[in-house]
Amino acid sequence: MQQHAMMDVFNITALDYASAGDASATIKRKLKQLGIDSTVLRRIAVASYEAELNLIIHSMGGTLTLSITTTEIKLVSRDVGPGIPDIERALQEGYSTANAEARNMGFGAGMGLPNMRRNADDFTIESEMGKGTQIQMRFAI
Amino acid sequence: MEERRYHSVRLDKEKCKGCTNCLKRCPTEAIRVRGGRAHIIDERCIDCGECIRVCEFHAKYAQTDPLATINRFKYKIALPAPSLYGQFKHVASVGQILEGLLKMGFDDVFEVAAGADIVTRAIRERMRNMTPDQYPLISSACPAITRLIQVRFPELLPHIVDIRQPMEVAAMIAKREFCQARDVDESEVGCFFITPCAAKMTAVRNPIGHEKSAVDGAISMLEIYGLLAGLLKKHSADVNLSRATSFGVGWANNGGETLSVSPENSMAVDGIENVIRVLEEIENNKLRDLVFFEGAACIGGCVGGPLTFENGYIARNSIRTLMKSADVRHPDDAVKTSYLTKYALHTTQRITPNSAMKLDDDIAEAMRKMELMEQIEKSLPGYDCGSCGSPTCRTFAEDIVRGHADKMDCIHILKDQLKIMAQRMVELAKTTRE
Chain A
1 MQQHAMMDVF NITALDYASA GDASATIKRK LKQLGIDSTV LRRIAVASYE
51 AELNLIIHSM GGTLTLSITT TEIKLVSRDV GPGIPDIERA LQEGYSTANA
101 EARNMGFGAG MGLPNMRRNA DDFTIESEMG KGTQIQMRFA I
Chain B
142 MEERRYHSVR LDKEKCKGCT NCLKRCPTEA IRVRGGRAHI IDERCIDCGE
192 CIRVCEFHAK YAQTDPLATI NRFKYKIALP APSLYGQFKH VASVGQILEG
242 LLKMGFDDVF EVAAGADIVT RAIRERMRNM TPDQYPLISS ACPAITRLIQ
292 VRFPELLPHI VDIRQPMEVA AMIAKREFCQ ARDVDESEVG CFFITPCAAK
342 MTAVRNPIGH EKSAVDGAIS MLEIYGLLAG LLKKHSADVN LSRATSFGVG
392 WANNGGETLS VSPENSMAVD GIENVIRVLE EIENNKLRDL VFFEGAACIG
442 GCVGGPLTFE NGYIARNSIR TLMKSADVRH PDDAVKTSYL TKYALHTTQR
492 ITPNSAMKLD DDIAEAMRKM ELMEQIEKSL PGYDCGSCGS PTCRTFAEDI
542 VRGHADKMDC IHILKDQLKI MAQRMVELAK TTRE
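So the protein lines, in turn, are chains A and B.
Sequential numbering from 1 applies to the first sequence in this note's numbering.
Sequential numbering from 142 applies to the second sequence in this note's numbering.
Hint data in this document are derived by calculation from the structure and do not stem from the laboratory.
Misleading hints may appear alongside valid ones.
[What the hints assert, rightly or not] Straight-line Cα separation of at most 30 Å, DSSO-like style, residue types lysine-lysine; simulated pairs:
(1) B:Lys499 / A:Lys74
(2) A:Lys30 / B:Lys548
(3) B:Lys165 / A:Lys74
(4) A:Lys30 / B:Lys165
(5) B:Lys427 / A:Lys30
(6) B:Lys499 / B:Lys165
(7) A:Lys74 / B:Lys519
(8) B:Lys510 / A:Lys74
(9) B:Lys427 / B:Lys483
(10) A:Lys30 / B:Lys519
(11) B:Lys556 / B:Lys165
(12) B:Lys571 / B:Lys556
(13) B:Lys510 / A:Lys30
(14) B:Lys519 / B:Lys556
(15) A:Lys30 / B:Lys571
[To be verified] Computed from the model, here is a short list of chain A residues facing chain B with C-beta under 7 Å:
(16) Ser38
(17) Tyr49
(18) Thr70
Note that the Cβ used here is the ideal one computed from N, Cα and C, for glycine as well.
Next comes chain A alone, as it looks inside the complex (with noise of 0.2 Å):
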């Protein structure tokens, strides 16, 4: 069955803190206007800003891909790069390569894809070093 689908692309520059947390509050607006249930929005509202923080404090630049069908929401994180070396200990809690400028400024907490994991139904990371990482992340409505 065709399923009515829509799809939005951020764009996401690196270093870019001034525009921090733009494409999550987007993403949020457009979730609450479609009325998706309550609960699931704050999934994806805590993985969609902490996709994005990472997008512009650790990449070198990339994109935030959301994408609606009526049973559904996906969000897809892409960057240019540098890539995670070792993803398992990116993957453990409190585990983090934030520099000092973004410390300061309160993130680096270790949380990022940790998070991203517990919020979303289904997460898969590939990363390769020198090309870019790839996050997707589904939330079944």
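Position chain B against the provided structure of chain A, taking the given hints into account.
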């Protein structure tokens, strides 16, 4: 169709000039200007009173109960909001103001600040059984903020304090104690809240979290200000009616509740736009260590309410001074445990989301509408000028999709259209001449 919601915030059509001041300031995008007059969308209005504050023509007002309504009851009890204490200069103690209320015609007074003391203890008891995943607890003291959360942050609703507001607790206790002391029936006693804002008036008529309010009416501070100020002069020093602690009195100022309930890892924010910004952070799970959040729609807290007389900053200082004259014990020590066991302090109904922002009940239809909306938005100039009567180009696009506006309501699009038409007229004139 849902029954029309009660709102204290009203529009005086005669005074409205149809400008964009209130339109741009409404935090829930609940105002539209149509036909040269503002209209309030009932489903979205949270009675915060921002529009009352910004309207220079005084076309927005708060409907409250006139003082004369107290005469509906044989016995009348005044429930002064703590912010009332900040309205007067040169007042030595809270008791002086309470005495003034008796002179005004009330048979008894019960301070809402004393209700706040009891609520403080109840919230602290409640917090003992909380697990970190339930944090932060969000204050329910400002009804405009609770309604804001219903409209804009529904996922945070489970965090809202499930204990009734100080005004409700004060009314319950005041009524019962008065009836026991005087041996009269509760139906003969009316409790009237002296309110600094429209939001509390709405909360009396249309409570959140429980069915019926124990408060029988809300009287605007502005209405009684002059009368009460005149009665304060004749003060007899031997009577002391005040029973609230300095913590309860402090609830008048933003941060007062936080100081009483949980001074550690807590945050008090005032001004509805600031509250929205912090709620966004909480929503993003950014404030992980936060235990308690107090948000007030008005700058400075209740002392900044739209129905207050005194400048909010001056009132804030007056409150600080009066706090020194009150009982300095913490509510944990000052409030009798029997108040927590004898009265139904907890709310009884779950606070449900307000879906007024939702485009459609059917998600597929909502998605279609959103796509159409975004398509329209792209063709709009993006000035957010408000000339069309909607607060932003985005809401204008939404209004078109909902069938409440027409694209030609945009003066910029209309101008372009007219230019094209004028061009065509010229061309047409040319061709007919030949």
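Does the structure keep B:Lys556 and B:Lys165 at a Cα separation of 30 Å or less?
holds, 23 Å
Is the hinted pair B:Lys427 and B:Lys483 satisfied, with a Cα-Cα distance of at most 30 Å?
violated, 39 Å
Tell me if the straight-line CA distance from B:Lys427 to A:Lys30 falls inside 30 Å.
holds, 20 Å
Given the hinted pair A:Lys30 and B:Lys165, is their Cα-Cα distance within 30 Å?
holds, 21 Å
Given the hinted pair B:Lys510 and A:Lys30, is their Cα-Cα distance within 30 Å?
holds, 11 Å
Could you check if A:Ser38 really has its C-beta closer than 7 Å to a C-beta on chain B?
holds, 4 Å
Tell me if the straight-line CA distance from B:Lys510 to A:Lys74 falls inside 30 Å.
Status holds; Cα separation ~20 Å.
For a C-alpha distance cap of 30 Å, please report whether A:Lys30 and B:Lys571 respect it.
violated, 50 Å
Run the distance test for B:Lys519 versus B:Lys556: straight-line Cα separation, threshold 30 Å.
holds, 17 Å
Do the alpha carbons of A:Lys30 and B:Lys519 lie within 30 Å of each other, as the hint requires?
Holds - the C-alpha atoms of B:Lys519 and A:Lys30 are around 16 Å apart, at most 30 Å.
Would the pair A:Lys74 and B:Lys519 pass a check requiring their Cα atoms to be no farther apart than 30 Å?
Roughly 24 Å between the alpha carbons, so the hint for A:Lys74 and B:Lys519 holds.
Are the Cα atoms of B:Lys499 and A:Lys74 separated by 30 Å or less?
holds, 20 Å
Figure legend: structure checked against the earlier numbered hints; hints not met, in rising order: 3, 9, 15.
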